[in-house]
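Peer 1: Spelled out from the first residue to the last, the chains are:
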Amino acid sequence: MDARRTLEDLWDSLEDSPLHRTAIAILSLLAIAVVLIIVLANARLISLGFMADNASFLFVPALTSLAATMISFTVGILGAIPMGLVRSFGPRLLKQRGLRAAVAAPVYGSVTSYVEAIRGTPALVQIFLVAQVSGILFPGNPDIPFWGGVLALTLNTLGYQSEVFRAGFQSVNQNQIEAAKAIGMRPRQTFAYVTLPQGIRLITLPLVNEWVALFKASALLGVIAVPELNWAASYLGSTRSHPIEAFIMVSAVYLAIIIPLSKAVGYWERTHRIPGLGTPEPGRGRRAGVRRPVPAH
Amino acid sequence: MITVRNLHKWFGELHVLKGVSLEVKKGEALVIIGPSGSGKSTLLRCINLLVQPDEGDVIIDGVKVNDPKIRPEWVRQQVGMVFQSFNLFTHLTALQNVMIGLTKVKRLPRPEAERIARFELDRVGLADKADAYPAQLSGGQQQRVAIARALALNPKAMLFDEPTSALDPEYIREVLDVMTKLAEEGMTMVVVTHEMGFAHNVADRVLFMAEGVVVEEGAPEEIFERPQKDRTKAFVGKILG
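These protein sequence lines map, in sequence, to chains B and W. For the first sequence, the working numbering begins at 8 and goes up steadily by one. For the second sequence, the working numbering begins at 2 and goes up steadily by one.
The set of hints was computed from the structure by calculation and includes no laboratory data. Just to be clear, a hint being listed does not mean it is correct.
[Stated by the list, open to error] Under 10 angstroms between C-beta atoms, here's a sample of chain W residues computed to sit facing chain B: (1) 43; (2) 70; (3) 71; (4) 74; (5) 75; (6) 106; (7) 107; (8) 151.
Only a predicted model underlies this, so the values are computations on that prediction, with no experimental measurement involved. Every residue gets a Cβ at the ideal spot worked out from N, C-alpha and C, and that includes glycine.
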């Protein structure tokens, strides 16, 4: 009986502490990875010595992947905010007559076509296309693979991020906009002080999702000779004939970057949540109904 | 203070306001009653130009405000509005809700804005809730913050659009008390409400609207005890039971 209660208390404290839950998830993942690697090494499928000797080779490629992702993502945000605005408020302007609609129609049309084109074609195809064009425009420039790759990733993430921002802006309740108007805010102030701050809070997690997707998409840049992580794995695999080890190591690097980052943002989002804004935390109170009553002493 | 002349509004085919006229003097409290769909809310929204009138004049303090030369933002700073569903900014605390109009619209320095905001929160009895978010407040408290937010801009008049309709019964009193105090202090007010007790005790005049026209207008006793028109009699009879 006492053992069961201790276990239940432990479970409750886990459920109440996002930090503990995250730590346990990461430790379990590490344990599984270690067991897997030991089993593979014992079966002589992989060589631990090779992995130890070549781990440092991945450092610069990891930085390259990170840099390409970070630059594209940041530029993407700056472009996606106005594009998301056009996507969310364009249709309303189109319904009006006269000059406004005449300006809005081509802008809304081109942004929408852009989003559909990006979302409707493979990232790999977009990367090849940008690489070909930039190779013709700047022949022989040694920086071109990297910056062409960054450009391709930026164009790609713009399409997705602008849809994330559109969703965020559209989820802001109309009564908030009306209240802003009623205290005399101009449309620009309403956007800056109400729509944007509320919208951003609603889309924090989808934005992290997009960052993760973009970071993984940066693995495609290897095909246009950008020395990023995936390229480094292929290089190690083919020149030193240890492909399995190389790709296991690279997988570990991706996980080591993505999991802490998404967990950290998730943790920040939970602890900085404003009551009443956004969706309530999933899973909370799931067990509340069956939690045993506090015994009276 | 507020004059409305022959106001018309169409929503598509729907003729919502069919030539409404009214006059509110400085310091007067006008209560508008009427069945739902009679155009009361639309009329209120036309006064601060949240809805653009199609025909007629809205004159506030001698200025015709539904004029292309007048910025609607300027008009809305002159006339405070309180909504049925409070509409507090969900991402801001009570204090920030009251301050934001002062810092961003009136461009006051933060210390002065905060001083005014704390004063207004105190006036509606919520000085101790300054740091609470709207979701942490009861409906009655939220509505009082909303009143403080409108008052902070020092408006010439206040519009109330069914301010207690969304409230649980136990919170209606505290909001009406704040409104009564405001009326006693001489605030010019236009109130759309179903609270007949408030209309009876606080209003200087009551105006009965139905189907987009003003049916009858007069002192509360006249409208509630000696209504002249049949439609008013029927409505008042139904409401007072």
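Peer 1: Which hint numbers does the structure go against, in order from smallest to largest?
Peer 2: Going through the list in order, the structure violates hints 1, 2 and 3 and respects the others.
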